[in-house]
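Number of protein chains: 2
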Amino acid sequence: MAELVGNVLVGQSGGPTSVINASVAGIISEALNHECIEEIYGTLNGVLGILQEDLIDLASESQQQIRALKHTPGAALGTCRYKLKKQQDFERVLEVFKAHNIRYFFYIGGNDSQDTADKISKLAQAQGYELRVIGVPKTIDNDLPITDHTPGYASTIKYIATTVREIACDNEAMGQGDLVSIVEVMGRSAGWIAAGAALAKRRDQPHDAPHLILLPEIPFNQEKVLEEVRRVLKREKYCLIVVAEGLVDSDGNYLAADARTDAFGHAQLGGAGSFLQGLIEQHLPGTKARLVTLGMAQRAAVHCSSKTDNDEAFQAGVKAVKAAVEEAETDKMVTIVRGNTDHYSVEYGLAPLSDIANGVKKLPREWINEDGISMNYQFVRYAQPLIQGEVALPFENGLPVFAHLDKNRVDKQLPAYEI
Amino acid sequence: MAELVGNVLVGQSGGPTSVINASVAGIISEALNHECIEEIYGTLNGVLGILQEDLIDLASESQQQIRALKHTPGAALGTCRYKLKKQQDFERVLEVFKAHNIRYFFYIGGNDSQDTADKISKLAQAQGYELRVIGVPKTIDNDLPITDHTPGYASTIKYIATTVREIACDNEAMGQGDLVSIVEVMGRSAGWIAAGAALAKRRDQPHDAPHLILLPEIPFNQEKVLEEVRRVLKREKYCLIVVAEGLVDSDGNYLAADARTDAFGHAQLGGAGSFLQGLIEQHLPGTKARLVTLGMAQRAAVHCSSKTDNDEAFQAGVKAVKAAVEEAETDKMVTIVRGNTDHYSVEYGLAPLSDIANGVKKLPREWINEDGISMNYQFVRYAQPLIQGEVALPFENGLPVFAHLDKNRVDKQLPAYEI
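Residue numbers (this note's numbering), protein chains in the order written: chain H, 1 to 419; chain Z, 1 to 419.
Note that these hints are calculated values from the structure, not bench results. Note that the coordinates shown come from a computational prediction; the quantities given were computed from them, not determined experimentally. Glycine is no exception: its CB is placed at the ideal position from the N, C-alpha and C atoms. One should not assume that every hint holds.
What the hints assert, rightly or not - Where chain H lies over chain Z, by a calculated footprint (3+ residues, C-beta under 8 Å):
1. 295 to 301
2. 395 to 406
Claimed, not checked - Restraint ranges, calculated between C-beta atoms of paired labels, are given here:
3. Z/Y344 <-> H/P285: 41 to 51 Å
4. H/H343 <-> Z/N33: 42 to 52 Å
5. H/R231 <-> Z/K224: 41 to 51 Å
6. Z/G286 <-> H/Q64: 37 to 47 Å
7. H/Q176 <-> Z/P145: 21 to 31 Å
Given the sequences, and given the hints that come with them, work out the whole structure.
Okay, here's the thing in structure tokens:
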């Protein structure tokens, strides 16, 4: 196999997670093992940094900081939601790659990011510029196809399930038949995240919180939900509801106060929790409905992240480099392949970027119980192994310490580019 | 000193915290050391359980469960916000105490609970029933007078500061000069909790998040706040605001959508964060304002609690028993007395319950910077020692495991009582 000598470029895109930097650490660690890789660069804010030639020298960062990346939330290289649109943008990307002899491009992100990586890869091929492009999966939404699950997801649901279990202790102590807690979690179009809250229930304790999980997959039935809340309040003296932000009515309309759209045309939601809070206080007089909106905290909570998830995010980065360098693969994304045995194990595979970009993994309907508000053992069997293990953070003055990169800029070689 | 032989009753009252059960564990552990204590009972849901004679036998719980109490959030005995009003209620309390030979009453709670304990104690004295009543401080609000600080507070601000630091990593990666994060925290009438977020700033990094802390002590100045948000967005590309739920305008009106009152006549608030979110999106066009409402999670988050706080809560329980048994003290609350040296140390003292019940500790104005939106070194010097150390939780299947008491009921001796 022909050895491809040149530089690496790493980028992060889309919403950050608590383990996306672990993938960067994996890529850097593995890249250092290969003689054919000369420089290891990062692009600031994903494709935006490429267009603007804002590259940093990752090899010049201290080993301390690279190690700290493994437990630093956010996206240390910066991220973006910018979508390359014009052909000119793509041309510019290749121009920058050529100027810096980028031969390996690792892009960590979700569907849209893998789509961008795919287009860059295809353009390079068309132009005969030898470039190996490998995507690394990342999204708390867990909606990438082919891969068994996506780094970032497990840490988010571990944090949510922990929070639900803690709030349940609080509410159990407070409840006099009149206390409803609503925990609003992310999930625009799929209930993967909300479903994860089901792990808070102890084995064989179906009456444990969360008592209702309201998913985007199941249209909201006001009468049924209110009836169930009444029943739980009577039985447990309190009721804990987990609701996905993308709750919809039977016509598919979002049950939220406001809706906007982001740069990709996705609806940006919020307010399903507020909606529910108002509804419950209105229809169940004397009931206090309290709202917790975890918001960005749920994708940044590395202090309550999954070691399994963290390790997999790191290894996905390692695999990306090995695939590109040792197997001369390109235009693929790293996938996580679950073993078939009872004991949880994973291997890392590859799938074409275009298959990832054009697919969505849905929460299987058969993992949701008939009642539409709880998850069955199939979901638990899927999700529970993912949240195992805790990540040991270094603490200083009582708080976790995170990486802060020096971000030494790589000299620009090209004229400025107008975005 | 005359030895007082009889039974112990422990109760919890008011809002739970992540360390209130550690105080119960401290009381039980110490009570077992004293021969004069025969039975150790708990009252379910504070004074409600006394009125209804709903007592449980704490000595019959397994040692495992009592140990697990040290890291179980909520209030394992149940809590209440019920306020004893009628003379008849107080008479009933003494009747129940006499029926169960309760000679030691330990009540864990905030101002209102200490007031209740004081009244019970005074009535017993008036009736010549020998009873030793010691209060154990508890409130995340940190507003009890005399004591240097209150168990529960430090764990809450450690969780909040950790969350702020994590969200800052996320937002720093995302921000393009258009992202404002709002973290709404508890604090109806004082900014102790919101102020604690200041600990998220690294030493000598004044530009770290949180960029604005909006306290109930400082009337909201819309123009000044919007101007500061603009400035921060320009400098940092994102802006993180921590806001106390009790934000007020210059006339003292709460800046929130809705206001109700609880059983003690306190205003129940929520919505300062939503208010701010709307304001910012309206006045800073193109800005996305995202809201995190930590709600009950912030008082239950034992997974991110302070070991210092946890240890002090336990020791406050121990001190309560020692004071009652060994020093024959009554009608007092345990206080935490900070040492005068640079190295943080505490001793436990006692203060009359009536002094606690009738006082409030305010956040000193001189600990807030001139700008009204940040805390100075005096606050940091006060608060930072309190959040030191992490509590090691036992995990099972990826989630923390909490105590679940058997709650073996003590046989009722009296006719039922109508509340």
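- Query: the region 295 to 301 of chain Z covered by chain H? Criterion: 3 or more residues, Cβ-Cβ distance below 8 Å.
  - Reply: holds (count 6)
- Verdict on chain H covering the region 395 to 406 of chain Z, criterion of 3 CB contacts below 8 Å: Since 6 is at least three, the answer is holds.
- Could you tell me whether the CB distance from H/Q176 to Z/P145 stays inside 21 to 31 Å? holds (29 Å)
- Query: So the hint says 41 to 51 Å: do the beta-carbon atoms of Z/Y344 and H/P285 match that?
  - Reply: holds (49 Å)
- Can you let me know if the beta-carbon spacing of Z/G286 and H/Q64 is within 37 to 47 Å? For H/Q64 against Z/G286, whose Cβ atoms are near 38 Å apart, the range 37 to 47 Å holds.
- Message: 41 to 51 Å was suggested as the range; check whether the CB atoms of H/R231 and Z/K224 agree with it.
- Response: holds (49 Å)
- Range agreement (Cβ of Z/N33 with Cβ of H/H343, hint 42 to 52 Å): holds (46 Å)
Checked against the numbered hints above, the structure violates none of them.
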